[in-house]
Every structure is written in C-alpha cells, then in structure tokens.
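One letter stands for each residue in the lines below.
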Amino acid sequence: MSVSTSRSFRAVLRRGLRDHRRVPLSWGLPLGAMCALIVAIYPSIEDSLDELTRNYPKGLKEAFGIEQLDSVEAYLDAEMFSLIVPLTMAFFAVRSISREISVAEERGYLDTILTAPLSRRVLVAGSFAVTALASALVLAAIFALTLAASFAVGADISLGKLVAGVVSVWPLTVFTAGLATLVAGLLHHSAPVTAITTGTIVGMYVIDLAGKLADEVEPLRLVSVFKYYGSGLTEGIDPAAFIGLTVGGAALAFAGSLLFERRDVLA
Amino acid sequence: MSAVIETDDLTKRYGEARGIENVTMTVEAGEVFGFLGPNGAGKTTTIRTLLDLLHPTSGSARLFGLDSRRDSAAIRGRLGNLPGDFSYDPRLTGRELLSFVAEVRGLRDLGGAPQLAERFHADLDRPLRELSRGNRQKVGLIQAFFHEPELLILDEPTGGLDPLMQEQFLELVQEQRGRGTTVFLSSHELDEIQRVCDRVGIIREGRLVAVEKVADLTGRTYRHVSIEFGAPVDPTEFERLAGVGELVAEGSRISFKVEGDLDPVVKTAARHSVRDIEVAQPTLEEVFLTYYGANGSR
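Each protein sequence line maps, in turn, to chains A and B.
Residue numbering for the first sequence follows this note's numbering, beginning at 1 and increasing consecutively.
Residue numbering for the second sequence follows this note's numbering, beginning at 1001 and increasing consecutively.
Since the hints were derived computationally from the structure, they do not count as laboratory data.
Just so you know, these numbers come straight off a predicted model, no measurement behind them.
Okay, the calculated beta carbon distance ranges per label pair:
#1 A:Leu222 with B:Gly1134: 52 to 60 Å
#2 A:Thr5 with B:Pro1114: 27 to 35 Å
#3 A:Thr5 with B:Gly1065: 20 to 28 Å
Virtual Cβ for every residue (Gly too), placed ideally from N, Cα, C.
Excised from the complex, chain B in its bound form (with noise of 0.2 Å):
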C-alpha cells in the first residue's frame, strides 16, 4: 500500500493559541481512517490545513505524493470533501451547486449525485435556505462523493442527520472501501469510528496521542452495565467475572464496568430475575482519561 495522506510535524498556531502541534501520520491508500477528539481538539484545523485553506506554521503535507500547498489545486481534484459546517449561498439550490462543482471539476454531468439524492432522500431543487441542517448536510454529503473521488475527507459527516440517515452514510462509507476509496473521518462518535474505520487517530488538545487499529481500541474498550434485579443478588457473583470492575451494589441495583466480552454478565444475570438492564458506552472524554490519562499520554 501507498500512503495517501503523510504528514511531517505538521503544526498550525493561531498566534499564540495552539491549533495543532506536530502532528505526524500517515494515511495508506483504499484505508477508512478515523480522526477522533473531542470538540476542539484540533481535528478541524488539520483537515483544513491538508486542503490549504490554512497555511501550516512549521512541518508538511503531503497528499497522492505532492505538496499540501504547491500542489494544492491538483490534489483537490482528486478528493471530496465535506467541511465541518457546510455551508453555501442560501440562495441556491442542491443542483445549482452540484452543476458548479462539476464544471469546476470538468464533468459533463452530475455523476452519482441523482443516484446518492435517492438515497439519502435529498431535494437538490429546493434552495438551500429552505432545507433543515439535516437536508444541507445531505446536499453536501452529496457534493463531497458525486464524482467518485480518490480520497474523501469528511470531518463531522453526520452532524445533523437522522438515525437512518446516519446508517445510509455508514455503509456508503462502507462501500467506498471497497471501491478502494481511501476515507479520512473525522468524528468525535467512538460508535461511528468503530463501524467503519480501519485505524483511528485520536488528537488531544492538538497533538495525535495515538494511532491504532479499530479493533484493538475496540477490544480494549468497556462498557457502563447497570442492572435492576427483582430483589438483591450477591455482588460477589459479579464481581469474579473476568472484566469487571469498580462495582457498586444499591439495594437490588447493581453497576459495574466491564471491558471485554459481556457474555459472561448475561449469563450469570439470567440466573435471577431481571427487571431492567442498561448497558451505555463510555464517553470520549471517559476513553481518553482511561487510556490515555489527562495530559494524552498513555
């Protein structure tokens, strides 16, 4: 494989503020990588320094092998992207759009973008003003993957979007992989970077404090289970499972953490009554200050 996206030390301050700082990765080619921080984190600044609507302070990009800035208009030709906000003149339509993007783009036609509409239930002739965030989001969505890209970079690509709609996008994502597409997500939904992508990159307070590979994020992360029996069980029952920590028995409640296979807690709560039963995933900020601690390193 060959890397699509590679950058060196890339670093973007706001005069003093931080953006990003030193940011070092690499993006292999067909690959779905995921960009996971909290808001603020610097996701958006790296993405928009990749597309040279920002000038790095210090370090470098490099997109398909050129150079993030002087070759910047003919890497855009070959990517789609979908900004963080999306947004547009008010005034014009979906399609009004789409036709100046084509042509800027040299086509002849909307491409997928009839196709990708259906899909997402998106109205390409009513103008933008008139659409919820959600149906913008979906128009841009649509701008980003209508002419079948090498490399789409979509950061926040669901803000906005219904449940189903957010599944159609999964697996739209889905099937861009295997089409070879190579995909940069950003996101700050765990569940979403879990789904679809290969490795993630987690950024913190501007800096990448790791990258890994989904599955062995996903095999190291727990879950919040918290269970009402229909009288008080025995702890201890819970307590010897493999996985299972910081457990707290109120009255018949029981809650605990549990980090790998939940087999076993299903198992050993069927054997008595259960009332109600929840199990939550931790929060971002939850998985970082675990694996990573508060100053990002691990």
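Isolated chain A, as found in the complex (with noise of 0.2 Å):
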C-alpha cells in the first residue's frame, strides 16, 4: 500500500467513524436495553418456562432452537439472537455501507469526495471498515448492557457464552456489509440496493428456518449464510463459520470495489 492510499484509507475511516459515532446509542442502546430485559426477566419466569415450552407447537420449537428454555443464554439465544440482533444488525450493515457510498451518490457527494486524490477503491475499503468497525461497537454496547443486567438481577449468563453470542453475530454483519457492497458497485441508488441486499438476507433467513422445519430444503441451507451463524450463545463459536464468512464479506467487498471502479459515477 502506497503512502497516499494508505493515508487516503485513514482519512476515509476517520470520516466514517466520526459519522459513526452515535451508533452504539443510536443502534446498542436500543438492542442492548431488549437484551438486558429478557435477561432481567428470565430469573422471574425461569419456573414457568418449561410449562411455556412444553405447549409450544413442535415445529417452532424446532425452527427457532427452543427445545429447551432451561439457561437464561437459551432463553436470550431464542429471544433474541436467533431472528432479531441478527437482522437488525444485518440492516444496520446494509444501511451503512449504503449511506456511505449509494446516498453520497445520490446526493451528488461523491463528486467532491472523488475529485480528491481518492480511488475508488480506497473508498469502497474504508467503507468496508467503517462498517465492520461500527458494527463492532454497537455488539460492544449490546454485550455491556445484557452484561449490566444479569449481575443486577442476578440472572448468572456465563460470560463465555454471552461474549460467544455477540461475537458471532459479527460475521453475519461482515458478510452483508461485503453483499450491499458488491450491489452497490453496480447500481447508482440506495433504494435497490438496500431492496437488493435485505431481501437476499431476508431470503436466506426463510430458506434456513424452512430448512430446519422440512427436509426436502434442508440442503438449501447451505447456501444461507444463517446456517453459518449458528447459536454462538448456546454452541460456542465455530471457527471455520466465523472466518469463512468474514472472508466472505472481504471478498465480496472487493468484487464490489471493482465493479464500483468500471462504472460511471451517477451525475
């Protein structure tokens, strides 16, 4: 890396981050106070949950991991981690890169920002990082504030699990911060590319929850990136998961970053 790219990268990040600032409130805060709920109520309910369970139809018992309600980290897995921090993170990812390259688009930013001695490419990557970075301390804020509440209640989550649990929902986001980057370099507007992106995540989402309820489209779930998250709350982090879908994310980020660098800047 050159000097002026490697400079030019830094100043992209701490734009970006600077922009970023108000995301562990505006984004952790939110996710954060839900999970520290389920958390704070588990200990008052822990009794009557298996009676809940228990008449929960079976299908959804399975499609949403919920066998057994026995631990405040299964009951905050099923709560939360199996649908809601996973897509709200993933659209928090998907808004992100978005804002940072299809709005300045749109909104005719980018003709001052590239006419800097700027490549494409170097934006595209700082963007990239912005959101990995971001993403990161809004799971930061996610995990201190579920933290906060189990020593207030005394709900005992193990910290292991609970650190497993946040940390592998960043994966997820990488891999759609890399997929609304590669839709972003080959459309000019933020509408289809939020459209775009949310709908594949969403999509894989169904795919993986119909997998796991008929066999016959269990084999689709390969090509889910749900399938690779996993529960990290209750499973522990699988490692070849986590890489391969950061990997993922990079790598699709950079065929974003050379599709963006082909075409033309909208005017």
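Each chain sits in its own coordinate frame; assemble them with the hints.
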C-alpha cells in the first residue's frame, strides 16, 4: 500500500467513524436494552418456562431452537439472537454501506469526494472497514448492557457464552456489508441497493428456517448465511464459520470495489 | 507553453442519449480557459469525464500529460474542482469537509482556507444544511482553491453567489492566473467568460463548435441598444453609423443592434435630448445563432 493510499484510507476511516460515532447509542442502546430486559425477566419466569415451551408447536421449537429453555443463555438466544439481533445488525450493515456509497452517489457527494486524490477502491475499502468497526461498537454496547442487567438481577449469565453469542453476530454483519458493497458496486441508487441486499438476507433467513422444518429444503440451507451463523450463545463460536463469513464478506466487498471502479458515477 | 489538458475525440454517450461527441481541445499551462455553452450542451459531461467520474465511450483525455483514466488519482492530486452542483454531507461543517480533503491530500493544515473564508464571508463552522445555496457554494469554492492546485476545474462557479461575491470570485481567478495556475472555467454566462478568460471553447449539443480567443469574440460581439429621446429623431443618423443594423424607429424610441465600438452611437445620441438609454448584451443563444448558425457551424 503506497503512502498516499494508506493516508487516504485513514482519512476515510476517520471520517466514517466520526459519522458513526452515535451508533452505539442509536443502534446498540435499543438492542442492548431489549437483551437486558430479556435477561432481567428470566429469573422471574424461569420456573414457568418449562410448561410454556411444552405447549409450543413442535415445528416452532425446532425452527427457533427452543427445545429447552433451561438457561438464561438459551432464553436470550431464542428471544433475541435467533432473529432480532442478527437481522437488525444485518440491516445496520446494509444501511451503513448504502449511506457511505450509494446515498453519497445519488446526492452528488461523490463528485466532491472523488475529485480528491482518493481511489474508488480505497473509498469502498474504507466504507467496508468503517461498517465492520461500527458494528463491533454496536455489539459491544449490546454486550455491556446485557451483562449489566445480568449482574443487576443475579441472572448469572455465562460471560464466555455471552461473548460467543455477541461475537458470532459480527461475521454475519461483515458478510452482509460485503454483499451490500457488491450491489452498490453495480447500482447507482440506495433504494435498490437496500432492497436487494435486505431481501437477499431475509430470503436466506427464510431458507434456513424452512430447512430446519422440512427435510426436503434442508440441503438449501447451504446457501444461507444463517446456517453458518449458528447459535453462538448455546453452542459457542464455530471458527470455520466465523472465518468463512468474514473472508466471504471481504471478498464480496473487493468484488464490489472492482465493479465500482468500472462504472460511471451518477451525475 | 505545455498543455495541461488535452482531449482527443473525447466521446461520451449514455446509451442512445447524447453526451459529448469527438471533443478535441488543448488547454495550455497558465491559461484561463472558458468553456461556454447553454445548459445541457455537455459542459458537465466533459468535466466529469476529465475527472474520471465518467468513463469515455471513445477517445482519450490527458491532464498534465497523464492518462485521465489510468492515472486519475495522481491527476486529482494536482487539481482543485468545484462540481456543478456542489453538495456534501449536510450534517458536516465546511471546516470538517476541508479537514477531510486536507487529510486525503496530505496537508498539515487548512492552507489558505481561513483567508478565503474571510474574503468570501464564508462560515466554515455551521453545518452545510444550515447554509443557503450561495453560502454552500462559497464552501465549495474554498475546497477547490485552498490547497493551491496547479489546475482549477470550475463548473458554473458563480451559481448562487451574489454580485459582490461574483466579483470577488473573478478577482480570485485573475490572481490565480497571476500565479500561473491553469483554470478551466465552465459557464453559460458570456460576460463572466469575457472578463477573465484568455480563450473560450464553445460547446453546443455535445460538440465543440469553436475555440476562440476571448478578445476576438468580444470584438465581434454586438449589443442591443434602445434609446428613448425627448422628441422623434431622424433614424438615418444612426443607420449611417458603422456596425449599426436592424434599426427600428417607433415614435421617439429608436432600437438597433450595434457591433463593435459604442462611442459613435453615444456621441450621436448626445446631440439630442435623451430620456432613457438601454444597452443589453445578446443572450448566449443569440451569439450562437449569429456566429455559429443553427447547426453550430460558422
């Protein structure tokens, strides 16, 4: 990396992180508060959960992995980390990439940014790195609030499992950011970038869910990012899946930067 | 002098739609080159292609002798640009924008920005969303000039500026010329181009129809004159004057077109009682139609 490239990359990173300085509050606080609430109410409903889950339909229990809600980790996983946290974080990644590239393009900011000596590839790499770092900050806020709630009510959540659960969301977010970058590399406007990427992620979620419920659909889970996301809170982190999703996301972002270099910037 | 901008049959099409066609021109070092044309003629497309925001369909462009596509980042390190419709993240202040640009350019500080801000009465500490169009344009001008580039590419730079600030801008361009900076100034204002440019390229419907020395263009540019006298006067007094044509006399008012020196017209009018006199520049479209015909050919 040349001196000017590394300087430009640092500038994009610094600007992006400044733009995202409020995300631990705007995204981390609501998600963290919801997780904290789940952990906080667990001691009071712990005894009735067995009876409650016994009455759930079998398919529902299989789909959401709630066979046994016999721990605060399993309860938090079923309520927050199987759907709400990963999908919200995926949407955060889409929105962040879209804002840095597509919104900047359609509002004409790129005409100012890209007439500085900054390559499009550096702009894309910087935006991708900003999204990865900002999502880590949001996840850190979720972790801190959940842990604080556990201490406050004596829910006795396992620190290691909570770390695994929160950390396992990060590669999913990175992969989604890579996918959004790829689409932004092709398209000029933020609305289709957001719609296509979000639609793909939701589609993958539905495939994963259907695959858990029906054996015929099960092989399709291979194409779903959620199969590799797994359940960090109850099963720990799968290193291969963690690395695979992260590297996959980076590869998609790189492909997006190549596409972005080869097309016109919207007037 | 060496060429700072050279284009060779530069063409950009948007599918079937016209962009620019076979634009070939050269801008020499230290020159203030006006790029004149009506809205939609292809001025912005040419500039965005030079800056590698658009990729040419065919032809090529070289800036500082470097290829506009392959060496784009190196080229952009040596120029300042004001986009035609300057905008940036409205949450940021002008100072934050300048700090970002300075960091990308490897500058330790904001260079001449404070002096430029003072000169243009620009507020660099308010978010861009709180600024009027004219005040945002001032920030845009400062970000183009503050790092003292070798080449300035300015697309409709005075849009939104009040007359005093337009005057400041034109003075600044003159100063840049004095420093040896090359300026490529796109405009649809004939007067602006006439005041500061050495040469002018005229673009129409995507084609460069002429490149002229501004002095030549000015010498041939006519004006519309309308004089209201205290009483009817003999129109032949004016018809006889050199450069006067298309004369219409209605009661005590005489209107005509005059090319070249106005002095004989003023002296002739002064022999009578004058109630009102109006002198108007032709519109750019009129200049085109007069000198370059409806199809752009002379």
